[in-house]
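Participant: Single-letter residue listing:
Protein chains: 2
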Amino acid sequence: MDERFAEFDLIDLIASKVARLEPSCGGVGRLRTGIGDDAAITVPGGATATSVDAIVEGVHFDRAWSPPDAISHKAVAAALSDLAAMAAAPGEVYVTLGVPPDTDRAWLKSLAEGFATAAERFSVVLAGGDTVTSPVLFASVTVVGHAPQDTGFVLRSGARPGQLVVVTGSLGGAAAGLWLLSNGPGAADGMDEGLAEALIGRQLRPEPQIEAGLLLGAAGAASMVDLSDGLVADLGHVGRASGVAIEIDSTLVPVQPGVPEVVASAGAETAAFVLAGGEDFELAVTVEESAFLAAREGLAAAGIDLTAIGTVASGEGVSVVGPDGPVEVPAGFEHLA
Amino acid sequence: MDERFAEFDLIDLIASKVARLEPSCGGVGRLRTGIGDDAAITVPGGATATSVDAIVEGVHFDRAWSPPDAISHKAVAAALSDLAAMAAAPGEVYVTLGVPPDTDRAWLKSLAEGFATAAERFSVVLAGGDTVTSPVLFASVTVVGHAPQDTGFVLRSGARPGQLVVVTGSLGGAAAGLWLLSNGPGAADGMDEGLAEALIGRQLRPEPQIEAGLLLGAAGAASMVDLSDGLVADLGHVGRASGVAIEIDSTLVPVQPGVPEVVASAGAETAAFVLAGGEDFELAVTVEESAFLAAREGLAAAGIDLTAIGTVASGEGVSVVGPDGPVEVPAGFEHLA
Chain D
1 MDERFAEFDL IDLIASKVAR LEPSCGGVGR LRTGIGDDAA ITVPGGATAT SVDAIVEGVH
61 FDRAWSPPDA ISHKAVAAAL SDLAAMAAAP GEVYVTLGVP PDTDRAWLKS LAEGFATAAE
121 RFSVVLAGGD TVTSPVLFAS VTVVGHAPQD TGFVLRSGAR PGQLVVVTGS LGGAAAGLWL
181 LSNGPGAADG MDEGLAEALI GRQLRPEPQI EAGLLLGAAG AASMVDLSDG LVADLGHVGR
241 ASGVAIEIDS TLVPVQPGVP EVVASAGAET AAFVLAGGED FELAVTVEES AFLAAREGLA
301 AAGIDLTAIG TVASGEGVSV VGPDGPVEVP AGFEHLA
Chain X
338 MDERFAEFDL IDLIASKVAR LEPSCGGVGR LRTGIGDDAA ITVPGGATAT SVDAIVEGVH
398 FDRAWSPPDA ISHKAVAAAL SDLAAMAAAP GEVYVTLGVP PDTDRAWLKS LAEGFATAAE
458 RFSVVLAGGD TVTSPVLFAS VTVVGHAPQD TGFVLRSGAR PGQLVVVTGS LGGAAAGLWL
518 LSNGPGAADG MDEGLAEALI GRQLRPEPQI EAGLLLGAAG AASMVDLSDG LVADLGHVGR
578 ASGVAIEIDS TLVPVQPGVP EVVASAGAET AAFVLAGGED FELAVTVEES AFLAAREGLA
638 AAGIDLTAIG TVASGEGVSV VGPDGPVEVP AGFEHLA
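The listed protein sequences correspond, in order, to chains D and X.
Count the first sequence with our numbering and you get residues 1 to 337, in order.
Count the second sequence with our numbering and you get residues 338 to 674, in order.
So that you can see chain D by itself, here it is in the shape it has in the complex (with noise of 0.2 Å):
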């Protein structure tokens, strides 16, 4: 059985990524052990944030479009951007790999250390994994992240009517850069070659917003969540966690350059990839205006730029208005056509 081999592999890569630790000895972060013994240890200096995410080959990345590097940084990243939607500090990773026996084994290998790259980027402790076989790839990704030292977790539950509701960055784009991986990156009629990379970079090596997330938490964020189901789909969420309403104005969505192009390629709707498209992992926050403008110039000199949409009001449900009125949003956003 290739288990065990596959298992060794995966494990003595990420033992050597980790240096091995005993508890007399410091340790690397909040870690004391890490591989090598049944759990890792950590310890924690107060209320830990925890999120699970996976991914399935075929469902959510496809090998023929995605380098292995770039499945693990995804994988990661998307892990991660629940952690930044609480404001919590990165702590550690945990990944287990389901491996089918057949894989190439220098794929796996960058596939492996594809995580270890990742959790360098985003300053997280790559503390533990497992690997087993199975007849599909598969990856399930454990995030802990830390409350900072000043202010605690920002909730999903916290936005009340007559705060604004401010998005980081820009939408659209990893919507479009899977577009563009399915019909290829010259399908776009008259695309720039550097605006067409920038969307497929979205698509397969997002950004977690985690030191956004911890800045508009010290900010005064009431609510924030990540942008990983669309833009609509996910303040959804809040909302119901908060018992308010939620009214954007599409015209104030702002939409990352080259989506126009590929949206009128597609002959389909902007709201399909900017309110529904998912996965650009940027942060959606509700904040008492006085809060978001004093903020404002602060995050922009630290590279963040926000954006406010709309506002909170009392009642339920996500509402969007653009110039001609009421605005349909498709239903859901599928990761892969």
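In case anyone wonders, no lab produced these hints; they're calculated from the structure.
No incorrect hints appear here.
Only part of the chain X face toward chain D is listed, based on derived beta-carbon distances under 7 Å:
#	residue
1	Thr379
2	Thr385
3	Thr387
4	Val389
5	Asp390
6	Ala391
7	Ala422
8	Tyr431
9	Val469
10	Thr470
11	Ser477
12	Thr479
13	Phe490
14	Leu492
15	Arg493
Where is the CB? At the ideal position from N, CA and C, for every residue including glycine.
Assemble the complex: chain D is given as a structure, and chain X must be docked to it using the hints.
Facilitator: This is chain X only, laid out in the frame that chain D set:
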């Protein structure tokens, strides 16, 4: 796409088991907010131990043999067994399910409920989860345990020459149960029905030795490991982590009743089931003889049988001696034949 349906199904089900918590309202155990936000918030009181584990259909279980709630029971039990081996107190469990879209809904509901039932039974809080579409059914389980107040965690690296090697309970049952499941419960000649049922139960619904782990930690266990891969393989982990040799007397290893009959019917060697069988989820510790003698009676009163089966020596490797000299141990155990 069925993904969203399945996802909300499981999360709703878990949410119905985990009260929706607000940070200001106390919580369940160390959990402050569970389902319904981007991440679960916990407040550890000290060091934590975290372990990840996964099971895949056709590799680790077979729907033809396992009722759905036994699959979830075993997934949780196997993960908690790693915590038991650290002498950790049960904390939280997180479950990620990969579900084929054509999975029978009632079957899936039993599987999902099995996670809640197992969590309750083993005194861990089901704190979060995720469901994704997958061509093969899999479950990835993350468990978090907490350091006991008085003593710390027990590592694999504490074995020292002169210590006794001690196991809890009896071995070989899970492997014998698997043989009966593969060959039919009547396949072992003249075997008592109750014994056969107990062996099959050992395979399908194992019990993590959480209380034994805590008591052994308090009693001075120097190193500890759970017996998931097989006695010799798991003691090999201890030997490598501690830099010692381990010598076992096979005649002292406690064997579950009914295993000899299965061994005879299978035309196999006892060692394949008892020394290499795995999945019994008992604990093996190394401990000074004086501490062992002092603790033995108290643990027996708590229903935990301890048996000394060998000693720790200088050197490396695991060696087994039987009545006729050295015993060759089969290399590995295949979970499914």
